[in-house]
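Chemist: Each chain, letter by letter, is given below.
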Amino acid sequence: MDLEKEVRRISELARIKVGDYENFSKNFLKILDFFKKIDELNLENESPFFYLEHLRTELRKDEVKEFTDVNLLFFNSPEKKGNFFVAEAPIESD
Amino acid sequence: MSLIRKIISNYKEGNNFPSEVLNNFFSKAKENKFNSFITLNEKVFDDADILDRKVREKKIEGRLFGIPISVKDNILVKNLRTTCASKILENYIAPYDATVIERIKREGALIVGKTNLDEFAMGSSNEYSYFGPAFNPFDKERVPGGSSGGSAISVANDEAVLSLGSDTGGSVRLPASFCGVYGLKPTYGAVSRYGLIAFASSLDQIGPFSKYVEDLEIIFDVIKGKDEKDNTSVKYPDLKVEIGYPLKIGVLKESFSDKVEDEIKEKLDEFILFLEKENVAKIKEFEMESFEYAIAVYYIIACAEASSNLARYDGILYGFKKKGENLLSMYENTRTHGFGEEVKRRILFGTFVLKSGYYEEYYLKAQKARTKILREFLKNFEKFDLLLMPVSPTLPFKIKEKVEDPLKMYLSDIFTVSVNLAGLPAIAFPYTFSKNNLPIGFQFIGKFFDEYLFFSLLKKIESLLN
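Protein chains in written order, with this note's numbering: chain G, 1 to 94; chain U, 1001 to 1466.
For reference, chain U alone in the conformation it holds in the complex:
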C-alpha cells in the first residue's frame, strides 16, 4: 500500500488536482488541533496551481508530484520562518533550502508548513517548545513523543502525507512510535545534514515519517546520497536486497526487563510469535553489556557537541538580542533570555564535560564507551541479520509527568540512543494498540546501509498483518 502512488495515479487519471489534495491536508493542518505546526506555508497554494496546470497538460513528473509534506522546524525551507521552537530564532527567516528540501521540491513535493519540536530538538516529549507543547492525537492528555512530535502528529492526523524530522537520540523513532506511524533513522551519512540546524553533529540525521512503509522508501530514495555541501554525507551504496526467509533476528534481553511496561512486553512476545509462525524470522535473545550505559554516554557527547554548536547564538549575526552595557553582558543577556531551561541545562553540562580537568573524566571516557557500543553491535551482527527491541520502555506518558525531572525524561531514550552513538540505521514501525487505545511500536536495527532490508521486510509484515 502506498498513499503516494494512489494520489499520483489519481492525478494521472484526472480524478483530482494537486490543489484539491493539498487543501484536504492543509485545512486539517490549519485547525492545528494538536499544536503540531509552528508556521504554515500559506504560499504553497501558488506551487499547487503550477502543478494543477501540469496535470491539465498531462505533464506529471516527479516522484513526489503534488504530495503534501510537512517539515520539522529545524530544517531550513527558503523564505519560511525557521524557529527551532526557540525564542532565540523566533523571527529567523531561512535564507536558503536545506539539501533535503531542494531534493523533495525537485520531485514536486508541496510543503505544508513547519512542525513543532522540543527547543533545538532537545527533548523526548515535545513539551520543551517555546510555542507550547504538542499533544498526542490518540489522547490529548498525553505527549506525542519528541523531539519531532509535530512531524509525527502531522502524519498520524492527515495534516501531511509525509514529514521530515531529525533523529539525534531517538527524535524520529520515539514520536513515530507514540503516534502510531513509521519513522526512519538512516545510517549516519546516508542523508545530507546541510540546512539542518545543528544540535550534535556526530549524531544528527534527518529522517522521514509516513503511514505506510512503501511511502517511506519512496521519500528515502529522494533524500539519500552524497551532497558536496555536507562532507560527512556518503554515496549510498548500490546494494541489491535479497532476503532469505526466515531471517535471523536478535531480540535484546533488556526488552523484557522490569523497566519495560508489561503491556509492551506482552505485545513484543506476541509479535515474536507471529514472525516465527509466519516463517519470517527465527528469533533469539542477545545481550549487550554496554546497553545500560548508553544514556550516560549519549548525554555526555550530545551536550558537549551542543555546547559548541549553540555558541553561535550570540545576538550579533542573527536571532534574538537583548542589549547590555558591554559585549559580555549583551552575550549573557541574549543567551540567558533567548534559550529555554532545558537547552541552557544541556549547554552548561556540555561546557562542564569539556572543561579542562573534567574532559578525561567524562568526554574522553564517553567517546571510548561509544566505540565499545559500536563494537558490541557489530559482534551481534555476526550472528543476526537484524536486531529487534521496543522504541520506548513506556506507553505515551501524561503531559507534565516527567518535565520537572530531567533524568526521568532522559531515560525515555534508553532504547534509542545507542543506535545514534553507533551511527547505525533503525526503523520504528507501528504494530498494535494498548488496552487504552495507545499506539505500540517496535524498532528494527540494521547494519550500515540496511535501509532497504527494513523496507522489504516491513512491506511483507505489513501485508501479512492486514
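In isolation and in its complexed conformation, chain G is listed as follows:
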C-alpha cells in the first residue's frame, strides 16, 4: 500500500490537513506496525460484542418534553442569523 496516498485520503475524509505528509506518514507507519501486534493473538472464537453483555440498557419512555429556550441552542454558534446557523453554501454557484 502507498501509505502517503492513504494518509492523504483519510485526511480528506476527516477534513483535517496535515503539514508534512511524508513525515507524518512515517510516524503513522511506526504506530500501525505496533497495532499489528494484535495479529499474534488467537481471536478465532471471540465475539466482538461479548464485553457489552453485563450491561442491560433500559430505554426511557418515549415522551415529548417541551424545550422552549431556543437561545440556548444558538449562543455558542460562531455565526447566526435570527434563528438560523450560518454556513458556507454546500454547492458551488455558477
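Please keep in mind that the hints were generated in silico from the structure rather than gathered at the bench. Mixed in with the good hints there might be a few duds.
[Stated by the list, open to error] Simulated crosslink set (PhoX-like; lysine-lysine; CA at most 25 Å straight-line): (1) U:K1408 with G:K61; (2) G:K81 with U:K1140; (3) G:K30 with U:K1355; (4) U:K1140 with U:K1435; (5) G:K5 with U:K1355; (6) G:K36 with U:K1408; (7) U:K1398 with G:K30; (8) G:K26 with U:K1400.
[What the hints assert, rightly or not] Sample of chain G residues with no beta-carbon within 10 Å of chain U, all distances over it, derived: (9) D2; (10) K5; (11) E22; (12) K26; (13) N27; (14) T68; (15) E79; (16) K81; (17) G82.
This structure is a prediction, so every number in the text was calculated from the model and none was measured. We treat Cβ as the ideally placed atom computed from N, Cα and C, and that holds for glycine.
Using the hints, position chain U against chain G.
Modeler: Coordinates of chain U only, in the frame set by chain G:
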C-alpha cells in the same frame, strides 16, 4: 479520616463558615502555581454566602455541604466556560449542568473552577493542553500525569477538597498516582456520562479524586446511579460488603518485568509483605496473555470512537470557526487550525482503522481482543477477590521527555487501559514516596460494582499505615 466530615462538623459547631473554608482553597487555586486551573468560578462566593446564611440558621443539609470541589474542564458546569483544553472550544459556555454536577450541587458542593487536562482528554502527561502544561506539585520539572492532571494537582495542593475527572484509559488513575492522591475509575455505567464531552464513549467514565478514601466513598455515593439522560448508566446494585480477611489478591506477573522501574517493584514487594503480615491478604501471582496487547487494542478502539465523536466540531453549531471559500474548505480550515497535533493524529488513526479495507484488519480484531481481555479478567476473578498492579511503569517523568514520541507516551498507559476495555472498576491509591520524594501508588482492580469493597479495604489499609 474524612476531611469532608471534619469540615461539615466545624460548620455545625459554628467554628467556620463556608465562605471562609472556600476562601482558603480558592486563594490557593487562584495562585495557580502548577497551572492546574483553566477557569476559576468567581461567582462561587455568591453560593457560599447562601450557605453561610444556612449555617447561621442552623440548616446544614447535604452530604457535600460547603465542600470546595474542582471539575475537569471536559465536564459541563452551567454558565461556566468548558474548553476541553482545546482552541476549538476556547470560548464555549456550557448551556446546562452535567448530571454529576447537578448531583453534587444538590448536596451543597461549591465549585471552585475548571481544571487543566490534555486536549479532549487525549494524553498521559497533561502536556497536550492548549492552555499550557500543568506541573507536578512534588517536582515542577515533572509531569502531573494525564489526562486529568489539573484535577489531581488541585486535590494534592489543597486547591479543592475533591475533584471530578474522567478516565478513558487511565486518565484518573495515572495523575492520581503521580500526584499522591486517590483516584477512582468506576464500573462502566455506574456514573452518568451526560454532560461529559465525549472522547471514546464505550470507555469513558467520570471518576473522583480525594486525599482520603472515606471522602472518595462520600462523593461516589452522590454521583453514582441510573440517569435517564444516559442510557448506558445503570441502577447501582444494593450490595452489602462483607469482607472475610485475609482476601485473596492476585498480583500481575508483569508488575515485576524489566519494563517497570526498580523502585516501583521494590515498593510493590514491600506493600505485598505488609498486606500478608497484617493478615489483610494472601497474595499470588497471576498471568494475562492479553496484557501486552492491551495498548494496541485500546488505541485502535479509542481513536476509532474519537474520530466519530469529534466529527461534530465543524465550525457551524458551536466553537471556533475559520472561514473558507466553500463549505468543505471551511470544515478543513476550522478543524486543521482548531485541534492540536495529538488530537488530529488520533482522529486520523481512527478514520484509518474504520476505513473500508482496514476495518476487519484493525477495528474488528481489536473488538474481539477486547472480549478476550474481559474473559481473562473474569477467569482470574474465579480465583481472586481483587487484582493488584502498579498504575504506571515509571515514576512521574520529566516534562518534554515523551512528548515528541507518541508511542512512548502511549506505553505509560500499559497498566491502566485493560480495565477500561473490560469496563471494570479500579482504584489508584497512594502508598509511599521514592528516594527523590516522588509519589508511588498502586491500583486494585475489582469485579463489576466492587467499588465498596475497595473503600472498605483501603480504609483498613489507611488506618494500618498510619
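Chemist: Hint by hint, note whether the structure agrees.
Modeler: Status of the hints after comparison with the structure:
no., hint, in the structure
1, U:K1408 with G:K61, "violated, 47 Å"
2, G:K81 with U:K1140, "violated, 48 Å"
3, G:K30 with U:K1355, "holds, 19 Å"
4, U:K1140 with U:K1435, "holds, 17 Å"
5, G:K5 with U:K1355, "holds, 14 Å"
6, G:K36 with U:K1408, "holds, 16 Å"
7, U:K1398 with G:K30, "holds, 24 Å"
8, G:K26 with U:K1400, "holds, 21 Å"
9, D2, "holds, 13 Å"
10, K5, "holds, 12 Å"
11, E22, "holds, 15 Å"
12, K26, "holds, 12 Å"
13, N27, "violated, 7 Å"
14, T68, "holds, 13 Å"
15, E79, "violated, 7 Å"
16, K81, "holds, 12 Å"
17, G82, "holds, 15 Å"
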